[in-house]
Amino acid sequence: MTLKNSLKTAITGLRVNKMRSALTMLGIIIGVASIIAVLSIGRGAQNLILDQVSGLGAKTIIIRPGREPKGPSDFSQLLSDSLKERDVKALEKKSNVPGIADLTPVLTTAESVNSQGETYGATILGASDLLSKILEIWPKKGRFFNNEEIKQRASLAVIGSEVKNELFGNSEALGKKIKIKSRNFKVIGVLPQKGQLSMFNIDDTVIIPYTTCQKYLLNINYYHLILVQAKSEEAVPEVEKDIKLTLRELHKIENTSKDDFRILTQTEIAQRVKTVTGILTWLLMVVAAISLVVGGIGVMNIMLVSVTERTREIGLRKAVGATNKDILMQFLLESVILTLFGGIGGIIFGVLLSFGATFSLSKIVSLGWNFTFPITGALLGLGVSACIGLVFGLYPASQASKKSPIEALRYE
Amino acid sequence: MALIEVKNLEKIYFDGGVETPALRGVSFSISEGEFVAVTGPSGSGKSSLLHILGFLDRPTKGEYRFGGKTIDELSDIDLAKTRNKKFGFVFQNFNLLPRTNVLENVKLPLLYSELKEKVQEELAKKAIEAVGISHRISHLPSQLSGGERQRVAIARAIVQNPKIIFADEPTGNLDSKSGEKIMKIFQELNKIGHTILLVTHETYTAQYAQRILKMKDGKIANDVKVTNQRLVEKDGFIK
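So the protein sequences, as listed, match chains A and F.
So for the first sequence, this note's numbering puts the first residue at 1; every next one is plus one.
So for the second sequence, this note's numbering puts the first residue at 413; every next one is plus one.
Among these hints, one or two may not hold up.
To be verified - Quick list of in silico lysine-lysine cross-link-like pairs, BS3-like style, CA-CA up to 27 Å:
| # | chain 1 | residue 1 | chain 2 | residue 2 |
| --- | --- | --- | --- | --- |
| 1 | F | Lys-538 | A | Lys-4 |
| 2 | A | Lys-402 | F | Lys-498 |
| 3 | F | Lys-493 | F | Lys-537 |
| 4 | A | Lys-4 | F | Lys-493 |
| 5 | F | Lys-497 | A | Lys-8 |
| 6 | F | Lys-481 | A | Lys-325 |
| 7 | A | Lys-84 | A | Lys-215 |
| 8 | F | Lys-528 | F | Lys-575 |
| 9 | A | Lys-8 | F | Lys-498 |
| 10 | F | Lys-493 | A | Lys-402 |
| 11 | F | Lys-528 | A | Lys-325 |
| 12 | F | Lys-497 | A | Lys-325 |
| 13 | F | Lys-473 | A | Lys-402 |
| 14 | A | Lys-4 | F | Lys-537 |
| 15 | F | Lys-498 | F | Lys-603 |
| 16 | A | Lys-8 | F | Lys-537 |
| 17 | F | Lys-481 | F | Lys-419 |
No lab work stands behind these hints, which were simulated from the structure alone.
The whole structure should be built from the sequences, with the hints applied where relevant.
And the structure:
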């Protein structure tokens with residue numbers, strides 16, 4: 001029998017039982033659709049996070065206290081207090097790290113901010129005036145605090161656009177008092193709308209001098225992180241190396257595995273994001289793969305039923321000249337066509353699903369979450385579904401081909 | 413030369429360790445162009461004989477030569493090819509594919525040949541015309557009467573112009589009038605040169621043949637020439 005005839009026969013066989021064929025396909029459709037959706041949404045999420053990370057700028061380096069957590073029990077290290085004033089002083093010395101353009105210590109905390117009866121839960125950032133240079137945020141009204149005011153631990157605040165709207169609405173904010181932890185701060189600057197910048201959402205932030213934050217809000221003598229700007233992107237590796245050497249010398253660390261600080265560059269953050277979303281994607285893929293296997297078992301089940309039901313047909317075909325191979329091909333093709341069409345349906349369904357998810361998510365979180373057509377996923381889904389048809393169709397097909405023509409013809 | 417030659421043919425079925433002999437040494441030969449009826453009560457082994465002669469089953473013992481070749485020399489693929497090109501089968505319960513029209517049913521054996529699609533179409537139409545059901549060509553089996561269904565089955569059997577037609581109780585599921593029409597078709601097919609082996613338990617139906625092999629307990633009890641063959645006039649079924 002020619003392949004063309006085998007195909008025709010197989011398609012006819014499937015069309016005779018439309019409902020059953022469709023239901024059998026459903027298992028494969030769902031499996032492939034979930035693979036597509038997982039791949040596509042995963043990729044979208046990754047791109048979204050990477051976009052935000054790159055908002056920080058390629059020249060920026062973050063120094064965090066504590067050593068790299070080695071496991072879940074290691075989290076206490078995250079709260080380490082190893083970065084203090086002397087570290088900032090040492091890093092500021094050109095002889096130690098010549099490649100640094102600017103740096104600022106940073107403290108973060110969440111507090112409610114009050115003004116004239118209005119309250120807003122804001123992120124408080126304690127930093128130096130250089131933060132505005134590093135993050136490239138300039139007040140649209142007013143100014144940033146200066147070095148002198150930092151030394152004096154002045155109670156001054158620069159507020160984000162969202163904080164301004166919530167507390168003052170359309171009225172003037174400059175010169176007004178806001179209250180954070182029962183301490184009055186004078187608003188000296190309002191920032192333009194900026195959105196998410198790396199880990200900070202600038203719009204709902206109140207920026208105050210780090211000295212003030214340390215003493216009056218947190219009552220600590222260390223920093224949460226140090227933000228460093230290198231002179232150029234090319235200088236980043238060199239700066240990273242110099243920072244490590246400086247801090248190790250200062251902290252008297254001889255063994256690098258005992259480092260009490262961590263350095264994050266944009267490349268490293270991107271790498272981490274990719275690793276995390278990659279692991280998540282793989283986990284979800286495994287779940288999707290399991291559903292595909294279940295779908296495959298469904299195909300095998302239905303093919304076995306079909307073979308039993310068509311015992312007479314098999315006998316007749318053999319009587320009029322079909323070889324075992326012809327029968328094997330017929331039933332194998334039926335299951336492969338079934339799963340292949342299931343795969344195509346799954347791709348269409350999965351693309352629609354992920355497109356819908358991307359669209360509604362970007363509406364809900366109002367972020368530029370872009371839909372990417374998962375070509376790899378589509379090809380993978382198609383290949384996998386065809387393979388499933390082959391693997392799970394082989395047993396029923398071989399059962400069919402082994403039937404003896406007289407037994408088959410006698411079957412009632 | 414004999415078309416079919418069997419010597420001491422034996423067939424034993426093994427069912428759960430129990431041996432059931434169906435044929436206990438059968439010998440005869442059939443020449444090309446003969447119309448032979450095999451009769452006998454149920455359990456006499458006539459169906460087993462037909463299955464072996466039709467290459468649907470292999471004998472347990474003995475020799476079967478078809479066209480000079482013994483069945484032992486042929487592989488399963490050779491058997492399938494022979495069934496396809498040289499044999500035609502007609503069954504009691506028609507065995508047409510449901511939900512498949514007359515033309516496609518008749519074409520079925522051709523799907524397993526190497527003939528071109530155009531030739532297949534021509535041959536199928538010719539066979540359908542020969543049994544007089546051209547007007548039903550795109551009907552489904554469920555839309556046909558029993559007699560018409562059996563005629564479709566005959567068209568399917570003769571579509572490749574086989575050397576021999578095996579008919580297993582072809583009138584068993586038909587009323588006497590339709591049955592008679594079917595037997596007429598067989599006689600006319602025989603007249604134009606087809607060898608026919610008919611299995612039936614009705615003596616009346618066997619009378620259409622030229623020779624009757626009576627079977628009993630897995631053996632041939634009687635091999636007679638029919639002297640008063642029930643003849644039918646040529647009435648245009650076969651062209």
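Looking at the structure, which of the earlier hints fail to hold? The structure conflicts with no hint, since it agrees with every one listed earlier.
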